[in-house]
Structures are given as C-alpha cells and as structure tokens.
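Colleague: With the hints as extra help, turn the sequences into a complete structure.
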Amino acid sequence: MSAAIRAAGLTKSYGRKLVLDSLDLDVEEGSIFGFLGPNGAGKTTTLRLTTGLARPTKGSIQVLGHDARAAGNAVRSAIGYLPDVPAFYEWMTAPEFLSFAGGLFGMSGSALHDRTSMLLDLAGLTDVQTKIGGYSRGMKQRLGIAQALINAPRLLLLDEPTSALDPMGRKGVLDMIASLRGRTTVFFSTHILSDVERVCDTVAILDRGRMVAQAPIDELKARYGKEKVVVEVTENADELAKEFGERPWATAIARGALGSIEITVTDLGAAQHDIPAIVAARDSGLARLEAGEIGLEEVFVELVGGGR
Amino acid sequence: MNATLVFARKEALEIVRTWRIWVLPAIILFFAITAPVLARFTPEIVGAVAGDQLGGISLPPGTYLDAYGQWIKNLSQITLFALIIIYGGIISTETSSGTAILVLTKPMSRGAFVAVKAIIHSVFLAVLTVIGTLATWGLTAAVFGHAPADPVWSSALIWLLLGVFYIALMTFFSVLIPSAVGAAGAGMGAFVLLTIGALWKPLSDHSPAGLAGQAAALAAGKPVPDLLWPVLVSLATAAVLVAAASLLFRQKEL
Chain D
1 MSAAIRAAGL
11 TKSYGRKLVL
21 DSLDLDVEEG
31 SIFGFLGPNG
41 AGKTTTLRLT
51 TGLARPTKGS
61 IQVLGHDARA
71 AGNAVRSAIG
81 YLPDVPAFYE
91 WMTAPEFLSF
101 AGGLFGMSGS
111 ALHDRTSMLL
121 DLAGLTDVQT
131 KIGGYSRGMK
141 QRLGIAQALI
151 NAPRLLLLDE
161 PTSALDPMGR
171 KGVLDMIASL
181 RGRTTVFFST
191 HILSDVERVC
201 DTVAILDRGR
211 MVAQAPIDEL
221 KARYGKEKVV
231 VEVTENADEL
241 AKEFGERPWA
251 TAIARGALGS
261 IEITVTDLGA
271 AQHDIPAIVA
281 ARDSGLARLE
291 AGEIGLEEVF
301 VELVGGGR
Chain L
1 MNATLVFARK
11 EALEIVRTWR
21 IWVLPAIILF
31 FAITAPVLAR
41 FTPEIVGAVA
51 GDQLGGISLP
61 PGTYLDAYGQ
71 WIKNLSQITL
81 FALIIIYGGI
91 ISTETSSGTA
101 ILVLTKPMSR
111 GAFVAVKAII
121 HSVFLAVLTV
131 IGTLATWGLT
141 AAVFGHAPAD
151 PVWSSALIWL
161 LLGVFYIALM
171 TFFSVLIPSA
181 VGAAGAGMGA
191 FVLLTIGALW
201 KPLSDHSPAG
211 LAGQAAALAA
221 GKPVPDLLWP
231 VLVSLATAAV
241 LVAAASLLFR
251 QKEL
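Heads up: the protein sequence lines correspond to chains D and L, in order.
Heads up, the first sequence is in the numbering used here, so the first residue is 1 and it goes up one at a time.
Heads up, the second sequence is in the numbering used here, so the first residue is 1 and it goes up one at a time.
Keep in mind that a hint or two might mislead.
[Unchecked claim] Straight-line distance between alpha carbons at most 30 Å, and here's what the computed DSBU-like set of lysine-lysine pairs gives:
1. 171(D) to 242(D)
2. 140(D) to 252(L)
3. 201(L) to 73(L)
4. 140(D) to 171(D)
5. 73(L) to 252(L)
6. 222(L) to 17(D)
7. 58(D) to 17(D)
8. 58(D) to 252(L)
9. 242(D) to 221(D)
10. 201(L) to 222(L)
11. 201(L) to 10(L)
12. 10(L) to 131(D)
13. 228(D) to 242(D)
14. 171(D) to 221(D)
15. 140(D) to 73(L)
Bear in mind the hints are in silico, worked out from the structure with no lab data behind them.
Modeller: Given below as structure tokens:
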C-alpha cells in the first residue's frame, strides 16, 4: 500500500528552539492514523509542514507522493484540513462559508448545494441562521470539520478535532471519522487517548519533537503492554497491596478508585492463582478480581512519562 | 468559477458586509459634499469670524476652482492617511486571525490571494472616487452655477492613481510587517518621504511623489504639461509592489 504521508528526517527549528527532531513517519493510504503527544510535542508543527504552511529546516515530507513544500493545487485539491483553532470570516453564515470553501475547490451548482446541505446536517448547523461570529467554540469546531470535508478529500488532516466538543459532539466526530475508514486517509493529532483507541488503526507517539513509537495499536500494546489485574478486597487493602507488590509476578502496584488495587503483572495465570489465597490468609474477603488488558494510556505514560 | 474568482467575490462581499462599507465611503463623501459648500461660504465665514480684524480687506468670492482644490487637497491628505491606516492590515489581518490558513490550504495560490486583495480594493477606491467626484461636481454646479468637468475629473483621476499606488504600497507593507499598526506606521513614513521627495523636481516629475501636486494643479485649472512619466512610473511601481508582495508572501510561513 502506498503512503499518504511520508516524512524522512523531518526537522523544524525556530531560531535555536528545536521543535521537530529528525522525524520519520509513514501514514498508509486508507488508514486512520492517530498522532499522539503531550502539549508542545510538535504535533501542530508536523501538520503545518504537511499542509505546506511551514517549511522544514531539514529533511523532507511527501504528501500523496508530492513534496509538501512544492505542493500545488493538485495536492491541495485532494486534502481537507482542520487547524487546531479554526478561524472563519465571522460575517458569513455557515452555508455561505461552506459554499465559499467548495467554490475554492471548483465546486458549483447542485453538487455544491447538496454537499453543503449534507455537511451542515453532519455538523448539526442546518437550522442555525446566525453569523459565524456568534458561534460557540464547539460550533466553530464542527463547522471546521465540515469545511475540511467539503471536497471529499483523499487525505483528511485534523488537528485536535475533538478538543472543543462536548461528549455528544465528540462521539459524532469520532463516528464520522470511523465511517471514512478505507475511503479516506485520516491523520489526526490529539492528546485524548480514548479517541485514538476508539477509531485509529495506527498511532505514532511524539514527545518533545521526537518520535518514540509508531505502530498499529494492537502491536504497540503487545510490544509495550503487560497485563493488569484489578483487585477489590473487604479489609486490609493497604497490607494486601504491599504483599502483592512483593510477589515475583507483580511489576507495579497502584491504588485505583474506591480503594481498588491495580497490579501490573507479568504472569496473569500465577497472579489469578495466588491472589485469592493471599487475601484469605489475611482474613480479608475478595470483592472483585478482574483481569484486564493494559490500555493505550499506560503505553503512552510509559513512553513519554519518564523523566517528567 | 475558479478559486481566484471565488476569492474575489468573497473580498467584494466582505467590503459590502463589514465596517469597510462605512468608513472610507463616509470620509470621501464627507469631503465631496463639504468642499463646494466650504468654498462658497468661506469668505463669509472668515469675514464673520474675523470681524474688523481684516482691516477692510475683503476676501474674493469663492469659485468652482476653490471647490475642486478643496476636494483634491482633502483627498491628498486626510483620505490618504485613512487609506494607509485602513489598509495596514490588508494581508496581515487574515494571517494573524487564521482565516488565510483555511483559504490557502485549498487550491488558491498565495500570489492570487495577494493580487486579488490589491485589485478588489483598488476597484473599490475607484468606485468611491467616481461617486465622490460626481457628488462634488454636481454640488459645485449647484452652488456656483458653473462647473467644468475637465479640472475635477482629470485631477480626481490622477489622485485615484496615487490612491492605487498607496494600496499597492500598503499591500507590500502588510505582507512584510505582521502588525497592521506597524505597517500603517511604515505607510506614514513613506508618505512623509514622498512628500519631501516631491520638493525635488526630477523626482516629482517622474514618480508618484509628484502626483498629489499635479492633481492639485489640475484641480486649479493650471496646465500640467507632462503627466505621462509620473503616470507610467506610478502604475509600474504599483504593479511591482504587488508582485513583490506576492513573492514575499509565497516565502512566508503561516
């Protein structure tokens, strides 16, 4: 499969501040790609380089087979882009802005009208008559997503698309992104890990301008993940947590909500075998014993959390 | 419709639907209307205010040439200042607010983005100049009973060329300087330099520096023998400024 985005040794600095450091990135066409990183990791800068709004200091970035620096109308025609804080002509209404955006792609007539109506519906703005200047942040974000989709792009670039949305809006956007699977390459940056886990095939994790991991989510979890056991007991939780931590199968202990004990384990079978006996020996009752897979959050924390 | 025309339509709509439709038109119409009235009544006003202090000196009655002169003088000073301030952010307002990003990540070239803005606002200024000149011409005819077309229209046309030159200059400064206030300051500086430069005849005769003086001379009904050079040089300089702004904008990171 060909790459929708391919970066090699991509470096960007502003004066003496290094924002991206030799980034290598491959985004397969048709994939939904989550670009993760804490604030200031370089996600927005990568997207600006991808769209040609900024130029690399070193290295290269190709978009749909073309150098992003020299990308002309042919490449821009195939891209939809939502910046992190989309800005609109506030004197326009949403239908006017979508018609304007479509017109820039050469769309007109009934095709543009139908597409505008469909996207207004998707953005939940069909009956909104006010000018964009009166919109809330969430409404602007939804309109931003709609304008990024006006040309039915081959590559959709979204910078923090769900950050300003309420839970219903977030669900709507994630469902929309998931519905594009296989038809459009979606590359979206975020620091909301649950969003990535919900819709992405592949993720890249960026930290302080450096790529720390890039792989399909399952592979990443298998590579970095250990299994986890959550235990709830009726008494002596502190002593039991300490005792679990001394067992050879336990690598980390954390206290969860409502006094639960979360144990990261290397041997799930051994843990499940030993835990009830340890609880019984301490004259406590076992209220809950649950084995779970480690989440992306734990992987993320393990990869970027060290040294912070 | 291609992207350039769509963007041009947006730019024109933006003029009609925002503060832009009020500020510059109000300034130009105010001067268009007041010039003939002030020219007609200035001797009476001065006489009434000065009382006996003029020592029996009586001011000559105003003529249509005074009205035209007043109109062009106001255009060449206050209206140009307004133009410089208004267009200090012609490009930078869009880049700093982020609206340019949504346009320029679509199939719209940066060169066309800059050129369209300079052209549409020049056309807007041309329309305002025509309306203002019609108003002052008509009022002059009403007030003085005699208003030849040549002096007022030829001087207004030369001033329009100066206005277009300043729009091109501000387009360039607005790409070069990210702050609208900073660009307006640079525009004011250029205005002062051109005004001083106009004192040197070779520069005045062959560049935009002399256009204000030539427009004033035409409005006063004086002959201006050779307008070709300043007109051609001003048009060429305006085109070069917009081209330079486009090239510079293509190199900029947004």
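Colleague: Would the pair residue 201(L) and residue 73(L) pass a check requiring their Cα atoms to be no farther apart than 30 Å?
Modeller: 20 Å, holds
Colleague: Verify the proposed pairing of residue 242(D) with residue 221(D), using a straight-line Cα cut of 30 Å.
Modeller: 27 Å, holds
Colleague: Taking only the CA atoms, is the gap from residue 58(D) to residue 252(L) under or equal to 30 Å?
Modeller: With Cα atoms ~17 Å apart, residue 58(D) and residue 252(L) stay inside 30 Å; holds.
Colleague: Measure nothing beyond the straight line between the CA atoms of residue 140(D) and residue 171(D); if it is 30 Å or shorter, mark the hint as holding.
Modeller: Holds, because 16 Å separates the two Cα atoms, which is no more than 30 Å.
Colleague: Does the structure keep residue 58(D) and residue 17(D) at a Cα separation of 30 Å or less?
Modeller: Holds - the C-alpha atoms of residue 17(D) and residue 58(D) are around 14 Å apart, at most 30 Å.
Colleague: For the pair supplied as a hint, residue 228(D) and residue 242(D), confirm whether the alpha-carbon distance does not exceed 30 Å.
Modeller: 16 Å, holds
Colleague: Holds or violated: residue 140(D) with residue 73(L), Cα cutoff 30 Å?
Modeller: 46 Å, violated
Colleague: Check the hint pairing residue 171(D) with residue 242(D) against an upper bound of 30 Å on the C-alpha distance.
Modeller: At roughly 40 Å apart (the allowed maximum being 30 Å), residue 242(D) and residue 171(D) break the hint.
Colleague: Residue 222(L) and residue 17(D) were given as a pair; does the straight-line alpha-carbon distance stay at or below 30 Å?
Modeller: 62 Å, violated
Colleague: Need the status of pair residue 73(L), residue 252(L): alpha-carbon distance at most 30 Å?
Modeller: 38 Å, violated
Colleague: Given the hinted pair residue 10(L) and residue 131(D), is their alpha-carbon gap at most 30 Å?
Modeller: 15 Å, holds
Colleague: Would you mind confirming whether the straight-line C-alpha gap from residue 140(D) to residue 252(L) stays at or under 30 Å?
Modeller: Since the Cα atoms of residue 140(D) and residue 252(L) sit roughly 26 Å apart, the hinted pair holds (cutoff 30 Å).
This entry does not satisfy hints 1, 5, 6, 11, 15, going by the numbered hints stated previously.
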